[in-house]
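Just so you know, the protein sequences line up as chains P and C, in that order. Under this note's numbering, the first residue of the first sequence is numbered 2, with each subsequent residue one higher. Under this note's numbering, the first residue of the second sequence is numbered 381, with each subsequent residue one higher.
Note that these hints are calculated values from the structure, not bench results. For glycine and all other residues, C-beta sits at the position ideal for the given N, C-alpha and C. Incorrect hints may have been included.
Per the computed footprint, the stretches of chain P lying under chain C, defined by three or more beta-carbons under 8 Å from a beta-carbon of chain C, are [claimed, not checked]:
no., segment
1, 29-37
2, 44-58
3, 75-89
4, 95-104
5, 110-119
Chain by chain, the residues run as shown.
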Amino acid sequence: MYPFTYIKAKTNKDAIAAIGSNTNAKFIGGGTNIVDLMKMNIEKPHQLVDITSLDLKKIETLSNGNVKIGALVRNSDLAYHKTIAEKFPMLSKALLAGASAQLRNMATAGGNILQRTRCYYFYDTATPCNKREPGSGCSAIKGYNRMHAILGTSDKCIATHPSDMCVALSALDAIVHVEGINGERTINFLDFHLLPGDTPEKENVLQQGELITAIEIPSSSFAKNSTYLKVRDRASYEFALTSAAVALDIHNGTISNARIALGGVGTKPWRAKEAEQSLINKKATTENFSAAANVALKDAVTYKYNAFKPQLAKQTIISALQMIGGNNG
Amino acid sequence: MNIKQNPSGLQANGFTLPLSLSINGKQYDLNIEPRVSLLDALREYIGLTGTKKGCNQGACGACTVLVDGERINSCMTLAVQYQGKEITTVEGLAEDGNLSALQQAFIEHDGFQCGYCTPGQLCSATAMIEEFKNGMPSAVSPDVASEEFEFSEKEIKERMSGNLCRCGAYVGIVEAIQEAFSNKETTVAHETFYL
Ligand SMILES: Cc1cc2nc3c(=O)[nH]c(=O)nc-3n(C[C@H](O)[C@H](O)[C@H](O)COP(=O)(O)OP(=O)(O)OC[C@H]3O[C@@H](n4cnc5c(N)ncnc54)[C@H](O)[C@@H]3O)c2cc1C
Ligand code: SF4
Ligand code: FES
Ligand code: FES
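Same shape as in the complex, but just chain P (with noise of 0.2 Å):
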């Protein structure tokens, strides 16, 4: 690991003005993204503004019903969480589902959001990556693949975005709020992170020493009805292969309202719109599932080495929709 300076702010003014124009400044939440990153020298900050004493740990119910969350709410604290367990289930058993109790005693929501592909080739720097190294190539494509995305892929990068806890908040329309040199602004989470395109190495849209300050979440007539499913190599501490966040407001059998987002299989959190429009005023049986889950997948692309994913995709996609909408025809 490089050396760095190291600063710890007290307000968000602070840290905003601690980073300022420095490309060469990172924020540091937790530090398990990016502390593995600098000791593998594919991250190199010069400073380092650490942002764990800032004021943004708490979790409200907001007048309008939404429920906003610091960014500095730990994964655990967040899944732990009275009001999410109740009201957003999905988004608890995402973040269960994610890492190891160790870490999500230590990773913030703020850097979940954050947190960069586990492509292995990213993560050895012997190797191109056009994420790590813009212009050099993509290790991947050609190469071992079979963790990588098949939807919103591109010809300079296949990596999938990791995050569970992302998957779920894509499926309740979250709101990112941030905090910059010139003020506060919020995002559409499902706007916030980029696909690769031409510029893998762009991710997301902040800009140049933005704070994320928050993550508000919409109440909702369905969320309560949700769930996560995720299917992975082994039965915990992994990421996923694929996974699913769904939720359905079913009013006597019919399906009125539906939200379906995926894990595992993007390069970015996945939404599944189209599938959730094929599935209203339908009645919540297997066989609509199931051809929802087709339509979710209709457009992927696979590689050498993930061809089992689009059908491991669509079976997680289905059980999970029928761990909440019943297992019925």
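Given chain P's structure and the hints, the job is docking chain C with the ligands onto it.
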């Protein structure tokens, strides 16, 4: 450039910061670079080598310590971030020379073979039992909004999945945790043999 000799003889060659850490109830004053992980600070600068370095990337749990009673991976964080917190390492689990019930149960149930993962397992399980008692759910709990779970083998395995054991002593580890959970209050005096 500030060249600082540390207690274990390693040299720091970047810019150092004064830092005071509270570990197992004792205060340690250090002068270290901000890039030193909490794990390296414990082992290489303070000489508390009970905490182990396995993967150094968050993937094995050998480096687990307690911060204000909660378990974290000390390899994945910077020591400078832990000023003002109460850190407990495996060296701090026994009280007045008496092993904790969990430590004793690990011995009785063969909760280890080579012992390399054991400090992490012990710290992790100590906090895990508290999490369970405080009604915190896990990925296998049937209802995340309920505080009623069974202290089942399935729950223990999921809750301990952040600690790998290359020797595969898992059966003994689960049994030891089950026993310590059911007799949490009994602290068993250790025998000299185990020291
Ligand atoms: C072994 C291992 C297994 C894991 N398994 C999973 C898994 O199964 N599922 C999963 O979802 N995740 C998993 N993770 C990833 C983990 O969830 C992330 O590392 C964690 O959420 C990052 O949060 P942090 O606070 O530690 O971020 P940091 O490491 O502190 O920061 C990450 C990035 O975010 C920036 N940042 C942090 N906070 C802010 C803010 N408020 N505003 C602006 N920028 C900010 C930092 O500058 C940095 O670039 C795993 C990690 C490890 C090491
Ligand atoms: S998939 Fe993306 S991150 Fe992985 S090697 Fe290719 S460019 Fe790099
Ligand atoms: S050494 Fe920290 S998790 Fe492996
Ligand atoms: S006892 Fe050897 S690694 Fe666990």
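What hint numbers does the structure not satisfy? Hint check: 5 fails alone, others pass.
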